[in-house]
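Add chain S to chain X, keeping to what the hints say.
There are 2 protein chains.
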Amino acid sequence: MGVNSNRVEHYDSHETIRVQSETPMPSFQIHAVQFPPETTTLQKLTHRLSEIFFPDDPLHRFKNQTCFVKFLLALQYLFPIFQWASHYNLSLLRSDFISGLTIASLAIPQGISYAKLANLPPIVGLYSSFVPPLIYSVLGSSKHLGVGPVSIASLVMGSMLSERVSYTQDPTLYLGLAFTATFFAGLFQASLGILRLGFVIDFLSKATLVGFMAGAAIIVSLQQLKGLLGIVHFTSKMQIIPVLTSVFKHSHEWSWQTILLGFSFLAFLLITRHISLKKPKLFWVSAAAPLTSVILSTILIFLLRNKTHEIAVIGHLPKGLNPPSSNMLYFSGLHLALAIKTGIVTGILSLTEGIAVGRTFASLQNYQVDGNKEMMAIGLMNIAGSCSSCYVTTGSFSRSAVNYNAGAQTAVSNIIMAAAVLVTLLFLMPLFYYTPNVILAAIIITAVIGLIDYQSAYKLWKVDKLDFLACLCSFFGVLFISVPLGLGIAVAISVLKILLHVSRPNTMVLGNIPGTQIFHNISQYKEALRVPSFLILAVESPIYFANSTYLQERILRWVREEEEHINANNGTPLKCIVLDMTAATAIDTSGLDTLCELRKMLEKRSLQLVLANPVGNVLEKLHMSKVLDSFGLKGVYLTVGEAVADISSPWKAQP
Amino acid sequence: MGVNSNRVEHYDSHETIRVQSETPMPSFQIHAVQFPPETTTLQKLTHRLSEIFFPDDPLHRFKNQTCFVKFLLALQYLFPIFQWASHYNLSLLRSDFISGLTIASLAIPQGISYAKLANLPPIVGLYSSFVPPLIYSVLGSSKHLGVGPVSIASLVMGSMLSERVSYTQDPTLYLGLAFTATFFAGLFQASLGILRLGFVIDFLSKATLVGFMAGAAIIVSLQQLKGLLGIVHFTSKMQIIPVLTSVFKHSHEWSWQTILLGFSFLAFLLITRHISLKKPKLFWVSAAAPLTSVILSTILIFLLRNKTHEIAVIGHLPKGLNPPSSNMLYFSGLHLALAIKTGIVTGILSLTEGIAVGRTFASLQNYQVDGNKEMMAIGLMNIAGSCSSCYVTTGSFSRSAVNYNAGAQTAVSNIIMAAAVLVTLLFLMPLFYYTPNVILAAIIITAVIGLIDYQSAYKLWKVDKLDFLACLCSFFGVLFISVPLGLGIAVAISVLKILLHVSRPNTMVLGNIPGTQIFHNISQYKEALRVPSFLILAVESPIYFANSTYLQERILRWVREEEEHINANNGTPLKCIVLDMTAATAIDTSGLDTLCELRKMLEKRSLQLVLANPVGNVLEKLHMSKVLDSFGLKGVYLTVGEAVADISSPWKAQP
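As you go down the protein sequences, you meet chains X and S in turn. The first sequence begins at 2 in the working numbering and counts up one residue at a time. The second sequence begins at 2 in the working numbering and counts up one residue at a time.
Accuracy of the hints is not assured; some may be wrong.
Pairs count within a copy or across copies, as identical chains cannot be separated in the list.
To be verified - Subject to a maximum C-alpha distance of 25 Å in a straight line, what follows is the list of computed SDA-like cross-link-like pairs (lysine to any residue):
{"no.": "1", "residue 1": "K45", "residue 2": "R558"}
{"no.": "2", "residue 1": "K463", "residue 2": "T47"}
{"no.": "3", "residue 1": "K466", "residue 2": "V492"}
{"no.": "4", "residue 1": "K374", "residue 2": "W462"}
If you're looking for bench data, these hints aren't it; they were derived computationally from the structure.
Chain X with its partners taken away, still in its complex shape:
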């Protein structure tokens, strides 16, 4: 377009066209709308599939390489340890050693506590802090991920399994189901990674997770009142009402000794947590606090062992390494469906946490974590775990944060942690005999309280009300209904939000910003002016079956309102409707029918409908469905500006 100030129209605020005198007839160079290069269906399909499954183009490193280099790269891809093992040195080892020991001090009490959260024997929590970290250090691509059991997955597994199977009456079945669920969680995670379906976890939006985690944290904290108050008979249900009923119904079982011990250590843990939050450099204060509490309380109970029978202790724990458990997996029978369901729910939750944590710390040090690769690593680690008496593990946020702050450099810190757990398993187990259960409850509460992220919730409320609604729904869903259903409702609301945006898209009237070829929303830009005789509408969504009826009605309403307005103000009569298709990024057969229909209906009212700037695939479909033919050569323009200039030029010639 030979843009020239002489040829640009100016619209003044009285909405009449003023054309500068020396050039009475603007002779714009109109650019033809072009089709995208022709591609076959197969090419389109390949392109689409590669965008869906390989958006990161994982093979780009393999291009133009020799076979040997390709083999090395593949090996490094499958086992990231080969990427860094060759240039590993003593100084890195020193950092990893310190951070490994630091997270071990956190991992041991956490392992025992979280296993109790899943209604599993405490020793399973330690087993789960030994085998999976070793496997992850070979397969994982994150340098800072601290691997082990996490509170959310433990809680969900405990709640889903114990709704059907009692862990007190049939502990072997319960344990077997937990391992089976772990196996299916791993299988599910690894398949997502291998099939490159990682985007499934994207559907757990941050808003959903904020609500879900806060709800779960409250439920877990309330459940810990069992240990904290010393109640013996407690509900196994997970909703807030039965839990609270249970607390007050058994108030005669409350034990003042337990309460005193529990709340003192809870206060200690919360204070250390607060200190570390205020001064991130003092991260070790909260990292060391759980182990300190365990040691102190164990010594205390040991000293007072003849006077504190009311305080429940862990008791005997077997020494020794993880026993094999592949023979305990159930692949048939009544409870298989339960195990699969539990596996999928815990698998997806632990995956979400693991990937999110990995990405967070990777972005802090500006390296990338490959989502699909991580899924494979976490999945294989869980499959291996399920055969060696471990339950669901993933990258834990608290552990990774401590790991990062303690200066971890590579996944070797996970190996050091596993070694420390190994020593504990082999030699130190009898020391936990007198550890009071109430300390574990206090540790759990301190851990989960960090999951209540009210600041994020407040931000959601401020920025996006619908996101906040999804957050609220998952929060109350978890509190009052059940963990998986709460999660399901929240995902449904998130999806509904997308569908709502598509089924009721924004349409807006565009106006010209005087002296330019820019057309903008007149309600957003005060200086944008309507162009007389034109109604310029922008559609802010793909035109699909879900919105085609709505769009047709809405556009006709815009036309009706514009005509009413013109009649009321004796304005220039409407002659042409320009549809700016820039944001209508796709169209389906219903959408094509709608455009056709709309054009016919407007034609019956002597109004012309033209399209501006249809994107490539929309243009192609308009062409293939012959809708383009009905619009004619002059029905589609490259920009709104060119449409307005070209259509209005003959009118000006005959004033």
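Using the frame of chain X, we list chain S on its own:
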């Protein structure tokens, strides 16, 4: 922007910037990006809700009217009969009388046949052609809709109910459940209308319906082989395999007399249908054919009544008007859930047909049908029907087409039809005693064969492969699984298609069309050239939790590929990434985080990220979440052109 040819940059094909000598430093007037006018949360909510529920602004007619006029308008809205009854005249009556009698001749055999399709007594089909048309003529807003039972809803009701309840062993229960399902269908339809949730039916896309109806038509036609071949023992299942098995397993029951009679009349009906399709003026040929067949075959059987015992006939039908059936409705008990489910599925299917047919004929005569109003009318008509021995009815395509072609002018034609049915019910029932069942089978086959719309299916394949996939899925789902499940799968695929579009949106590189301020997809527009030092990307979707991770990865990949390309060709190094946000019509909290993260990651690589043309609500959210602050004053531009001009101007000053 003081656009002036001297100031416009030209990029030649060697991708170097050439600035015309007389103006070495372009001094563009950059337009500030403006926020939309501030609105409160309540105002936003009200606006959003009114767009969701009242997109057609139904109250606009009531504005600035006196109370009396408002009352009259409300009455006319509720009972559209008041709109046209006052200027009804004899000439209109003449047209309506002819068309009413024409559709009655179609309605009587269709009513009997479709009732058999739903495994109901034939008389119920006639009852259903009497009460509902009368109610619709008072409440409905379409002038051409022919109301009565339709094949799809009859088939679905028959298949869903008879899977659980046998219509031969417990006919009273079956009949009661059919009326109950009709009641719930009506209730569901009316509620959709009253709650203005009409968009629910939009989710049955045309592609889905094409496949569903073709599958259903094939199943129905095959089922009619029972009547057409004279088989006595036949499966009640609806899948293709048991039906075909049934046909050939009972081949000893085939009756040559029935087959001869059936296929001759089927041929007659198909030929008349073909004639009417070829010459629309001869519509009456196919409209009169069913009644002609019924009369001819009845006379034939009556004459040969001593020699044709093998041919099953309808037998005795009770005379008299619709008996009340409200006492037969089940509102409790074992089968309530089944009745509700059947009601909802048949309700939504019949609603889809009724609304689509109403809209089709309204657009032919350029009047509008109010979707929500129609839902109320159809819903109330079914509720009333369920209390007067009618089963699900709606606007039938075949009947409406005949009605329209026979010159119907108003809903009075429905009243005429009902009167004709009334006469039949009161006096003519004994005449149907000798009507052979095989004729009904032939009528049904002729009716449903028109539902196989292979031309539309071919068009779907040509224009949109994913739509075609949805079509295929519903087709095979209905054939091999079951009617409601097939429908469910197809809806799920349609929704998945929307989600896929959102979770894997298109991103594309824009280039400048030389001599203009227009930036376009470089793969679509060959003349569009990349701007050196810039990478201009357009995102073709809202930025949501479902795609934020993908978009981040994809944009980083674009940057990586661009840098590799530049390095390979010794080009100008990349300095700035411009994100064209025109088509990113919404953003949520995850999307905001992604933009923030992306900006930081690019900054670490010394690349500037700026946004161009964010729409109103995106801009607001960027502001509220403080992401805008991190981009700074110079981080957001009104157009890509202004961004490029403004950012590159200091570079040119220091060559």
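Have a look at K466 and V492 and pick one of within, between, both or neither, based on CA distance no larger than 25 Å. So K466 and V492 pass the 25 Å test inside one copy only (16 Å; across, 28 Å).
Given a CA cutoff of 25 Å, do K374 and W462 count as a within-copy pair, a between-copy pair, both, or neither? Classified as neither: same-chain Cα gap 34 Å, cross-chain 36 Å, threshold 25 Å.
Can you give me the call for K45 and R558, within, between, both or neither, at a CA distance of at most 25 Å? Close across copies (20 Å), not inside one copy (37 Å); limit 25 Å.
Checking an output row: K463 and T47, CA cutoff 25 Å. Within, between, both or neither? between (42 Å within a copy, 17 Å between copies)
Hint 4 from the earlier list is the only one contradicted by this structure; the remaining hints agree with it.
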